[in-house]
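Protein chains: 2
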Amino acid sequence: MTKTIDPYGSSLVEDYERIINDFGLETFRPGLFPEPNRLMRRGIVFAGRDLKRIADCIRNRKPYYVLSGIMPTAERIHFGTKSVVENIRYFQEHGARTYILVADLEAAAARGVPLEEARKRALNFHIPAYIALGLDPEKTIFYFQSENKQVMHMAYRFARKVTLNEFRAIYGAAEPERIISALTQIGDILYPQVEERMPGIIPVGVDQDPHIRLTRDVVQRMKKERFFLPSALYHKYMPSLDGSLKMSKSKPESCIELPEDPKSVCRKIKKAVTGGRPTLEEHRRLGAEVEKCMVFELLKQHLVEDDKELEKIYEEYKSGRMTSGEIKELACKYATEFMENLDRKISQARKLVPKLNFVSFS
Amino acid sequence: MTKTIDPYGSSLVEDYERIINDFGLETFRPGLFPEPNRLMRRGIVFAGRDLKRIADCIRNRKPYYVLSGIMPTAERIHFGTKSVVENIRYFQEHGARTYILVADLEAAAARGVPLEEARKRALNFHIPAYIALGLDPEKTIFYFQSENKQVMHMAYRFARKVTLNEFRAIYGAAEPERIISALTQIGDILYPQVEERMPGIIPVGVDQDPHIRLTRDVVQRMKKERFFLPSALYHKYMPSLDGSLKMSKSKPESCIELPEDPKSVCRKIKKAVTGGRPTLEEHRRLGAEVEKCMVFELLKQHLVEDDKELEKIYEEYKSGRMTSGEIKELACKYATEFMENLDRKISQARKLVPKLNFVSFS
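In order, the protein sequences belong to chains A and B. At position 104 of the first sequence (counting the first as 1) the number is 104 in my numbering, and the numbers step up by one without a gap. At position 270 of the second sequence (counting the first as 1) the number is 270 in my numbering, and the numbers step up by one without a gap.
Chain A extracted, bound-state conformation (with noise of 0.2 angstroms):
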C-alpha cells in the first residue's frame, strides 16, 4: 500500500479540493509526522495549518499542546468526533499536553443549556466517550469553560479586536451568542499558552476552520502578546450513506451516531450506497466501483484497524470477486463488534471520572 493522499480515492474528492482552496488551507502529506496513525495514513486527514511548527517539536522533543472542546448539548456523539479524539490521541503520544474543555458556556448561550445540566452530561457521557475512543485519561487536563475565569478575561480582551463585519463575513451571522461564543472559544485555544508561550494543535472537522481563522486573525493583531499562532488539522467528513459530502442528523436513515443499536446501525447499511453494479454478472466482469462505495468508506475512515486487511477487502471489491451484500455483511460485523466495545468502554470510563485531572481554579 502506498502511502499518498487518500489512496483508495472517494467520489468526494473534488470537494475537498475546493475547501483547501477556498480555506487556503496545507494539503497534508502523510511524511510529516512520524509514525501517522490510521487516518493520516488513508487520506481522511487531508489539510492543516502550520503543520510545519508541530511537526518540529514532535521531531525535536519541544514543548507543544492539542487542544479540543467537548459541546455538551448533544446525547450523542458521531464518527467525526472518533476522528477528533484518534487524532488527539496521536498527538498525545507524541508529546503534545493535552487539555480537553467543556463548552459549557458555550452550550448556555447557543442552546440555553443549563451550566449544571451541561456538566451532567460531559461526566456522564461525552468524557467517558473520549476515553473510550481512545484518550488517555492519565494524561489529559480537562476544564469547565464556566469555571476558567482566564478563558472569559480573554474573551473579554479579544473583543475589540474583531469587528461586527468580521463576524458576519467568518461566520455569516453575528448574533449576539454567536459572537461571546466565538470569543471564548479564542479563549480556550489560546489557553494553554497562559502560563507559557508555545505551539499548539487543534485538530477538527474542517467545518470548524472559521475559528481556528479568527483566532489566527486576533494572534496576529496582538503581536506585543507574542501568542503563538495555533496550528489546526482537518479530517474529512464521514461521508452521509446516502453518498452526500457529510452525516447529518437530518437525514437519520444515512446517519450513524455513537453509541447506536447494532441492529439499527446493520439496517442502515443495508440501505448505504454501495459501489455494486447494476447485476452481478456485470459486477464479477468490471468489478465494484470502490470509490463511490460509502460502506468501504466507513469501513476505511472508521472500522478496520489493520491496513492489510482493509487492502485486502479493497482488492476483493475491486475486482468483482467481493460482492455489494458482502461488503454489507462484513461491516455489519464490523460495526456490532465496535458499538459493544464501545459501551463497554464508555461503561469502564465512567468509573475513572472522578480521578481525572480537572484543572482547580481558585
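Just so you know, these hints were derived from the structure itself, not from any lab. For glycine and all other residues, C-beta sits at the position ideal for the given N, C-alpha and C. The reader is advised that the hints may include incorrect statements.
Claimed, not checked - Stretch by stretch, here's where chain B covers chain A in the computed footprint (C-beta under 8 angstroms, at least three residues):
{"#": "1", "region": "101-110"}
{"#": "2", "region": "145-152"}
{"#": "3", "region": "156-169"}
{"#": "4", "region": "172-182"}
Since the structure of chain A is already known, use the hints to place chain B on it.
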C-alpha cells in the same frame, strides 16, 4: 421654597421633557420618597422607572438593593458621578443593600485596559473618591466583575435573549466589545438577585438608560426566572459652563473634573455663561436671568448644601442685587472649599480600602 420639579427653573427644561417622552420615563415627584435628598428636592433628579416599587420597600422596610458600577478608565471623575453617589447614599440610608462593582471587564473590552491596571486605579482612586463623596464604606459590598463568575455566566445566558438588531437599535452600534459589555452589565444589574429575588434601583445619568431598558427587556423575556424588573433613578447632567446640555471633557474649558485644582476651577467659572444683563444698570433694574446661569446651576446642583442659603442666593441674583461677578466669586469660594475637602477626604478614604467588604469568590 416649594417642592416642585426644578423649583429654580433652567433653560434646559425642554431637553428633559423631551427625554422623558422619548424614553418613556416616569417624571420624578420629590414627595414619592421620604426625606428627599438635595438632588431630589431641587429637581436635579427628574425621572425614573418603577419608582413606586422602591418607595414601597422603603416604607415597608422590605429588602431591596441599590447598585452602581465604577468604570476604572478615567483618572478623574465628574459631577455626574457625585450625583450618582449622593443618590446611592440616599438609598443606603433608607434600607438598601448597596453594591458597587468595578467594571474591569468592560474596561478591558472597551478600552483595552489590563485587569491589573483597572484594579489598581479603582483601589487607589475611584473607590476612595466614592467614599469621599458620601458612600458609607461599612455598608457597601464591592466586587470586581472579573472575579464574579456569576456575573460572567449571566452574560452568556442572556446572550441569546437579545438580537443584534436590538443592540443596534438601543446603542446605535453593535460592535463585539459593546455587546459583551452590555451583556455583562445586565449580569451586574441582576447579580444582587441571584441569591434572593428582590427589587433594586440603579441611580444613573439618563445617558445610561439604554442599559436599564435592555435589562428590563431581558428580564421580561425570562419570566420563569422571576427576577424583579430593576428600577432606575435619573439625574440631570451638570450642564457645560458654556450653557450646553452636558459638561464634556471634549470642551475642557467648560468642564470641571473631580478632583481639579481650585485655581483652574475658578478660572473656568470666571468664563462661564451667567444670567447677567448687558449693563449693570439693566442688571439692577431687570434682575438676572437665573435660568440661563451655569454658575447658579453649579451652586444649585453641587456646591450649596443648605436650601435656605441657596434660596437667598437665588433671590439676591434674581432681583439684581447680586451681580454676575459676585455670584462667580461666591462659586469660586465654594468650589475651592469643595475641592480642598475632596482631596483630603480621598486621602483619608484610601486608608479604609484594606478594610472594605469585597465579595470573596471561591
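*Violated constraints from the hint list, given by number and in increasing order*: none
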